[in-house]
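Peer 1: Chains A and B, in that order, give the protein sequences.
Read left to right, the first sequence gives residues 4 to 414 (the working numbering).
Read left to right, the second sequence gives residues 4 to 414 (the working numbering).
Hints listed in this document are in silico derivations from the structure and should not be mistaken for laboratory results.
As the structure is a computational prediction, the values presented were derived from the model and not from experiment.
Check before you lean on any hint, since a few could be wrong.
Partner residues aside, some chain A positions facing chain B, computed with beta carbon under 7 Å [stated by the list, open to error]: (1) S76; (2) G80; (3) A164; (4) A168; (5) N291.
Covered by chain A, per the in silico footprint, the following chain B stretches (three or more residues, Cβ under 8 Å) [as the list claims (entries may be wrong)]: (6) 51 to 63; (7) 66 to 76; (8) 164 to 170; (9) 173 to 182; (10) 193 to 200; (11) 293 to 302; (12) 382 to 388.
Cβ atoms here follow ideal geometry from the backbone N, Cα and C, with glycine treated the same way.
Protein chains: 2
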Amino acid sequence: MSLQGNALIGQSGGPTIVINASLVGAIEAAEKHSEIDRFFGAVHGLTGVLNEQMIDLFREDDDLIRKMRYTPSAALGTCRLKATEEDLNRCMEVFKAHDIRYFFYNGGNDSQLVCHLISELAKGSDWDMQVIGIPKTIDNDLAITDNCPGFGSAGRYAAWAVQCAARDAMAFGNAEVLEVMGRDAGWLTGATQCGRREDWMGPHLVYLPEVTVDPDKFVADCQDVYDEYGYLVVAVSEGFNFGESEVATTSEELDEFGHARLGGVAEALAKMVEKTVGVRCRFDKLGNLQRAFSPCMSKVDSDEAYAVGQDAVNRAVAGETDIMITIQRLNSDPFEFETETTSLMSVADVTKEVPEDWINEEQNGVTDEFIEYAMPLVSGAAVELPEGLPNYPVFQKHFVDSKLQPYERKK
Amino acid sequence: MSLQGNALIGQSGGPTIVINASLVGAIEAAEKHSEIDRFFGAVHGLTGVLNEQMIDLFREDDDLIRKMRYTPSAALGTCRLKATEEDLNRCMEVFKAHDIRYFFYNGGNDSQLVCHLISELAKGSDWDMQVIGIPKTIDNDLAITDNCPGFGSAGRYAAWAVQCAARDAMAFGNAEVLEVMGRDAGWLTGATQCGRREDWMGPHLVYLPEVTVDPDKFVADCQDVYDEYGYLVVAVSEGFNFGESEVATTSEELDEFGHARLGGVAEALAKMVEKTVGVRCRFDKLGNLQRAFSPCMSKVDSDEAYAVGQDAVNRAVAGETDIMITIQRLNSDPFEFETETTSLMSVADVTKEVPEDWINEEQNGVTDEFIEYAMPLVSGAAVELPEGLPNYPVFQKHFVDSKLQPYERKK
Chain A
4 MSLQGNALIG
14 QSGGPTIVIN
24 ASLVGAIEAA
34 EKHSEIDRFF
44 GAVHGLTGVL
54 NEQMIDLFRE
64 DDDLIRKMRY
74 TPSAALGTCR
84 LKATEEDLNR
94 CMEVFKAHDI
104 RYFFYNGGND
114 SQLVCHLISE
124 LAKGSDWDMQ
134 VIGIPKTIDN
144 DLAITDNCPG
154 FGSAGRYAAW
164 AVQCAARDAM
174 AFGNAEVLEV
184 MGRDAGWLTG
194 ATQCGRREDW
204 MGPHLVYLPE
214 VTVDPDKFVA
224 DCQDVYDEYG
234 YLVVAVSEGF
244 NFGESEVATT
254 SEELDEFGHA
264 RLGGVAEALA
274 KMVEKTVGVR
284 CRFDKLGNLQ
294 RAFSPCMSKV
304 DSDEAYAVGQ
314 DAVNRAVAGE
324 TDIMITIQRL
334 NSDPFEFETE
344 TTSLMSVADV
354 TKEVPEDWIN
364 EEQNGVTDEF
374 IEYAMPLVSG
384 AAVELPEGLP
394 NYPVFQKHFV
404 DSKLQPYERK
414 K
Chain B
4 MSLQGNALIG
14 QSGGPTIVIN
24 ASLVGAIEAA
34 EKHSEIDRFF
44 GAVHGLTGVL
54 NEQMIDLFRE
64 DDDLIRKMRY
74 TPSAALGTCR
84 LKATEEDLNR
94 CMEVFKAHDI
104 RYFFYNGGND
114 SQLVCHLISE
124 LAKGSDWDMQ
134 VIGIPKTIDN
144 DLAITDNCPG
154 FGSAGRYAAW
164 AVQCAARDAM
174 AFGNAEVLEV
184 MGRDAGWLTG
194 ATQCGRREDW
204 MGPHLVYLPE
214 VTVDPDKFVA
224 DCQDVYDEYG
234 YLVVAVSEGF
244 NFGESEVATT
254 SEELDEFGHA
264 RLGGVAEALA
274 KMVEKTVGVR
284 CRFDKLGNLQ
294 RAFSPCMSKV
304 DSDEAYAVGQ
314 DAVNRAVAGE
324 TDIMITIQRL
334 NSDPFEFETE
344 TTSLMSVADV
354 TKEVPEDWIN
364 EEQNGVTDEF
374 IEYAMPLVSG
384 AAVELPEGLP
394 NYPVFQKHFV
404 DSKLQPYERK
414 K
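Whole structure, please, built from the sequences with the hints as guidance.
Peer 2: Here it is as structure tokens:
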């Protein structure tokens with residue numbers, strides 16, 4: 004028998020261009036289940052749960068919800084919170100106080116771990132509830148799933164941006180280094196190669212964080228490309244590394260998960276190219292737009308994001324728990340998928356790197372197999388461009404009344 | 004009587020998203036004039052003239068030319084060349100050797116100066132020719148003309164990018180500083196405010212290079228915005244300045260025109276916001292994509308660019324010379340324009356800044372008059388988005404035979 008009660012959803016970690024499609028998929032599925040009395044949205048993810056900052060999603064206008072499906076970046080707000088045991092216990096208190104029987108958390112591998120810990124806690128308590136993770140990351144580094152919602156649109160932006168920046172470098176006969184997000188996994192950087200339809204087009208060289216680059220080989224590769232095509236476009240992951248002959252790029256600041264804040268690699272490499280190849284070399288960081296630039300929303304990505312949100316709710320009501328929804332690819336051309344599941348433990352805190360045999364022998368690009376994998380994900384325009392500038396909606400935010408004492412979080 | 008002979012066109016300075024529309028406008032106009040025997044394109048602007056690197060544009064496929072109209076960045080190649088007297092004399096030799104009676108140069112105020120100097124030289128020589136400048140700059144800082152082709156599309160990208168980045172900052176409750184191109188004139192930075200439809204939306208604060216910002220006021224403004232909206236988005240021109248209390252941002256490197264290479268202001272300001280307002284502050288530089296990112300091509304901008312290219316050729320054949328084509332706005336809503344002309348001297352090396360009364364009293368944004376001016380220019384999608392990634396064409400490049408000794412340029 005399905006549980007009767009309220010549901011809660013949160014968005015976590017770096018937003019994506021399609022993360023709200025998952026939210027809307029979940030809302031629209033939840034509306035069809037009489038088991039779900041009220042559907043709450045946690046404001047700023049787990050932070051909102053801890054502080055009972057939750058809004059009543061069933062009270063939002065249907066028209067606004069439909070528009071939200073194509074609005075970039077986390078509409079509920081997001082957070083990067085490393086939950087402590089005390090935090091997790093507080094979550095349970097909030098769930099009980101608000102009769103929350105269904106919890107959905109939409110995020111990357113850090114967030115799936117949180118999800119799993121909550122699931123464990125619930126199982127060991129007297130509070131029956133279903134906990135389901137919804138995949139999301141532009142990094143595409145979640146295990147098991149064919150790909151991660153958010154990746155396709157980020158890849159579409161990154162590939163297109165590199166194509167356009169390459170035209171600018173070609174017009175000058177210059178060099179250009181572009182820095183793409185991706186700390187440990189080079190999926191997004193590799194995706195930029197989807198825009199290279201001919202050998203003379205950029206990006207000529209593509210370096211993933213999975214590869215330790217030899218500085219001499221790097222310089223020789225750059226020189227060869229410049230000599231051959233009269234310009235040079237290099238796409239590098241922010242996790243680019245020369246191994247022990249380090250580029251001085253990593254900042255000393257750490258983020259909330261203890262990861263180093265990365266950045267600056269493109270600038271360092273551009274200086275190196277100027278010095279060695281002797282050609283003016285500019286650099287661009289694709290930056291935060293990779294997870295927010297909505298004109299590049301990919302249709303496949305948007306459809307996937309909606310489907311995983313919807314499926315999470317349907318499966319939770321059907322009694323499934325402690326799982327993350329996954330994408331199962333059925334066909335690449337035309338692209339077809341179905342949603343499947345995996346245990347939260349199988350994805351929690353695991354990073355899926357680009358397989359070695361999808362990186363070319365020269366280690367300065369990806370193989371055709373990679374392109375065949377990524378191309379359908381970065382294809383298809385999800386929305387028509389508006390005449391003017393877009394007018395993104397915000398939720399009206401009908402807040403749920405607090406029922407507990409304020410929570411003082413220990414730092 | 005019109006001159007009979009060949010025509011030559013060059014693209015100069017920073018490319019734009021629509022610069023090729025001007026080229027195609029010129030080619031398609033030239034095809035209709037029997038006075039123009041052959042139409043050459045200079046490869047990399049004036050550099051191509053000096054080295055007799057020219058291609059025969061009438062031999063390019065019509066279908067390719069039609070596609071080129073919507074292809075970003077200078078298809079002929081561009082240059083940043085400060086022409087010496089010797090260079091200009093060499094140009095005259097090349098014109099004579101190749102029977103060039105019509106010269107068109109598509110660029111900003113540096114390029115219009117070159118154009119004027121060539122015009123003067125031709126007038127004082129025994130070589131009759133018509134010289135016409137075609138306006139182009141994302142900076143929008145050419146005098147006389149209502150606006151500059153290239154600005155509208157760059158503005159559309161910048162405004163949209165700031166809107167999207169603002170959603171990302173809002174999702175975290177963070178601050179974000181975005182750096183927009185614009186050395187001395189804040190048109191492009193001001194245009195980002197077109198995306199701010201409600202007070203709570205970013206960019207909340209917009210700083211143009213025309214303004215000397217008081218550091219204390221800057222911090223107070225940032226604090227106020229953050230306190231009111233729970234997030235903060237600041238758009239600054241790369242020419243942002245605190246006057247004497249300088250931000251350490253200007254690089255010591257100089258470009259080919261002796262201008263300082265700018266950059267780094269967003270990073271410096273982000274650190275300042277983190278320190279003073281005490282909130283995490285990220286930064287993004289919109290970078291080279293401002294002049295190349297074709298998905299944001301504005302229809303008005305693309306139409307204008309085509310029209311100025313077309314008009315330059317028509318007027319040259321009709322006997323006009325030593326002029327630049329200008330845009331005359333007839334109506335803002337719906338936007339209507341016609342092409343006019345001004346003397347090259349009136350625009351050469353002149354920078355049109357944003358008028359003081361289009362900057363708000365607080366000096367942290369632009370006025371409604373600015374928005375009414377800029378909004379139609381950043382509106383309208385010029386092209387539908389392709390299903391996959393675009394496949395930008397390149398010219399087949401049928402090179403014209405050299406007729407002179409190679410040119411050794413003195414550095």
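Peer 1: Now look at each hint and say whether the structure bears it out.
Peer 2: The hints, checked one at a time:
no., hint, verdict
1, S76, "holds, 4 Å"
2, G80, "holds, 5 Å"
3, A164, "holds, 6 Å"
4, A168, "holds, 5 Å"
5, N291, "holds, 5 Å"
6, 51 to 63, "violated (count 0)"
7, 66 to 76, "holds (count 3)"
8, 164 to 170, "holds (count 5)"
9, 173 to 182, "holds (count 5)"
10, 193 to 200, "holds (count 3)"
11, 293 to 302, "holds (count 6)"
12, 382 to 388, "holds (count 5)"
Checked against the numbered hints given earlier, the structure breaks only hint 6 and satisfies all the rest.
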